[in-house]
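Those protein sequences? They're chains D and A, same order as listed. Just add 1 to the spot in the first sequence (first one is 1) and you have the numbering used here. Just add 164 to the spot in the second sequence (first one is 1) and you have the numbering used here.
These are calculated hints, taken from the structure and not from any lab test. Warning: the hint list may mix true and false statements.
[Said to hold, decoys possible] Per the computed footprint, the stretches of chain A lying under chain D, defined by three or more beta-carbons under 8 Å from a beta-carbon of chain D, are: (1) 168 to 174; (2) 226 to 240; (3) 247 to 259; (4) 292 to 301.
On a predicted model such as this, the values are computed, not experimentally measured, just so you know. We put the CB at the ideal spot given by N, CA and C, even for glycine.
Below, each chain spelled out in residue letters.
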Amino acid sequence: MSLAPFFDPPAGETTATLVVALAIGIAFGWALERGGLGSARKLAAQFHLRDFTVVKVMFSAILTAMLGLYWLARVGVLDATRIYVPPTILGAQVAGGVLFGVGFVVAGLCPGTACVAGASGRLDGLSAVLGLFAGTAVFEAARPRFSAVIDAGDRGALRLPELLGTSEGVVVAAIALGALLVFRLAERLEASRATTGAPVARSTLRRPLALAAGVLAIGAALPASASEGTMDVAGIAAAIEREEDHVTAIELARWIRDDKPGLRVVDVRPESAWAALNVPGSTHASLEQLVREAPRAGEVLVLYSEGGAHAAQGWVLLRARGHREVYVLRGGLYEWITQILEATLPADADSATRSAWPEVASLSRYFGGQPRRLDGAASTLVPLPSGRAPIEDRARDGDERDAVRRVRKRGC
Amino acid sequence: MSDARPYADPYLAGAGLGVVLLLAFVLVGRGLGASGAFATIATARENPLRDWLVVELLGVAVGAALSARLARRAHVAIERGDAIGGRDRLLLAFVGGVVMAFGARLARGCTSGLGLTGGATLSVGAWLFVLAAFGAGFVAAPLLRRAWR
Chain D
2 MSLAPFFDPP AGETTATLVV ALAIGIAFGW ALERGGLGSA RKLAAQFHLR
52 DFTVVKVMFS AILTAMLGLY WLARVGVLDA TRIYVPPTIL GAQVAGGVLF
102 GVGFVVAGLC PGTACVAGAS GRLDGLSAVL GLFAGTAVFE AARPRFSAVI
152 DAGDRGALRL PELLGTSEGV VVAAIALGAL LVFRLAERLE ASRATTGAPV
202 ARSTLRRPLA LAAGVLAIGA ALPASASEGT MDVAGIAAAI EREEDHVTAI
252 ELARWIRDDK PGLRVVDVRP ESAWAALNVP GSTHASLEQL VREAPRAGEV
302 LVLYSEGGAH AAQGWVLLRA RGHREVYVLR GGLYEWITQI LEATLPADAD
352 SATRSAWPEV ASLSRYFGGQ PRRLDGAAST LVPLPSGRAP IEDRARDGDE
402 RDAVRRVRKR GC
Chain A
165 MSDARPYADP YLAGAGLGVV LLLAFVLVGR GLGASGAFAT IATARENPLR
215 DWLVVELLGV AVGAALSARL ARRAHVAIER GDAIGGRDRL LLAFVGGVVM
265 AFGARLARGC TSGLGLTGGA TLSVGAWLFV LAAFGAGFVA APLLRRAWR
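Generate coordinates for the entire structure from the input sequences, incorporating the hints supplied.
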């Protein structure tokens with residue numbers, strides 16, 4: 002099992018995570034100020050190609066963290082699937098990026114560096130901070146008007162390796178080597194122009210650092226072994242052992258009835274089979290289509306097939322692709338039919354089954370099924386949750402019965 | 165100020181910043197940010213002091229103030245070019261802040277939350293944002309050359 006991250010972001014803040022936040026922030030502010038990014042003059046000079054400090058600091062930081070993340074995950078210390086990846090929203094990010102870039106040049110500072118400038122006593126930094134508050138407040142108040150553009154081109158947590166169809170290591174190596182090349186160009190350009198800015202130290206560590214980055218980058222491009230470098234096989238096996246890989250038909254029925262947030266039920270059988278009979282609210286997709294999708298934050302994916310084997314294979318693939326909230330409907334559509342649509346209380350049912358029966362019968366009716374009890378007692382009607390009508394029966398008398406028979410004949 | 169110490173080597177400062185970013189990933193599974201904290205404070209939907217980004221940004225101010233003081237760079241001033249006055253510079257900074265806030269809210273992040281965090285985690289949208297922001301910045305810069313002369 003991997004050690005990191007130590008705290009899970011969705012778990013909410015504790016005193017410990019807030020202490021970490023303060024410490025990380027202090028170090029962040031320190032590094033920005035030391036590098037000269039609290040100086041609006043220096044930042045503006047980047048956009049006039051007279052001083053490359055912004056590019057150097059920013060890309061050195063990305064390079065360091067990217068190589069660190071990649072190698073910690075590759076040696077198994079860090080679970081990369083639990084690291085937050087900013088979402089990709091194509092339209093909003095291009096439009097937002099253009100606005101942001103113009104604002105950056107006008108202010109001579111960005112949000113983080115405006116705080117640094119302000120904290121060092123620069124009144125223009127404080128003025129930019131006030132502008133940021135004002136702009137944010139106005140935007141939030143007017144948010145409904147932007148609803149058309151704000152989610153344009155939402156692609157979830159899409160990452161470059163998935164987009165390009167290459168391995169993570171190759172992308173990491175390409176970015177790292179590209180950054181080293183940019184640094185070289187920046188040095189040449191700066192040398193060719195007389196700079197009059199504040200003095201900047203020159204560390205003897207430059208060469209060793211560049212060399213280390215180069216070695217780690219080339220190593221990233223070389224495959225770890227015959228298997229996929231970063232697949233967390235042990236983690237996936239442990240999830241199966243803990244039985245976190247499946248839901249029962251009754252659990253799924255509850256989730257659908259209660260509109261569980263982020264729930265997406267996917268039928269991985271052939272499309273014609275899905276069209277003939279399916280779990281209400283499900284969509285159809287092939288395993289191949291699913292594996293190509295990037296994991297979406299907050300999505301709870303439930304896969305089902307005829308019996309379950311096909312969906313279970315998909316489960317393993319999706320976990321390997323980084324999906325965290327993915328489940329298989331245990332027993333597949335067969336169990337959905339026997340447990341929900343044709344829920345039956347046997348004559349010799351034990352007391353636990355008997356006490357769960359009213360809810361099962363209610364769920365069955367909700368999905369248009371016909372619950373039966375064979376223990377002789379009169380059927381007691383349990384009212385549906387208020388405000389909810391039963392889901393329409395689909396092709397009740399013809400297709401469905403045939404489909405049930407087909408499912409049974411094929412078995413699971 | 166003439167007695168101010170020289171700035172650190174930018175590559176060393178960047179590598180240090182990268183280690184801080186990596187520590188954030190390792191400890192809490194998330195990266196750095198700045199613009200998100202402004203939104204939390206501006207909307208005040210919850211106690212801002214229980215918000216990770218707000219506390220982190222307070223840390224940024226503390227760390228920057230400490231570093232600037234120790235390097236003898238902490239003093240009250242308006243950083244501007246000779247061709248414009250102090251009031252104009254403050255106005256430009258304010259207007260730039262407003263425009264940046266719109267851009268950052270639309271894009272779901274800024275140079276920290278998207279640029280650094282998304283850059284290191286290989287987010288497609290983050291790289292697109294960085295390209296768009298720097299592209300627009302380089303195009304707009306000549307119009308503002310006078311402000312820094």
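Against the structure, the hints come out as follows:
Using a Cβ-Cβ cut-off of 8 Å, 6 residues of the stretch 168 to 174 of chain A lie near chain D, which meets the minimum of three, so the contact claim holds. A stretch counts as covered by a chain when three or more of its residues have a beta carbon under 8 Å from one of that chain; for the stretch 226 to 240 of chain A and chain D the count is 12, and the coverage holds. With a threshold of 8 Å between beta carbons, the proposed coverage of the stretch 247 to 259 of chain A by chain D holds, since 8 of its residues qualify and at least three are required. Counting residues of the stretch 292 to 301 of chain A whose CB falls under 8 Å from any CB of chain D gives 10; the rule of at least 3 is met.
The earlier numbered hints are all upheld by this structure, with none contradicted.
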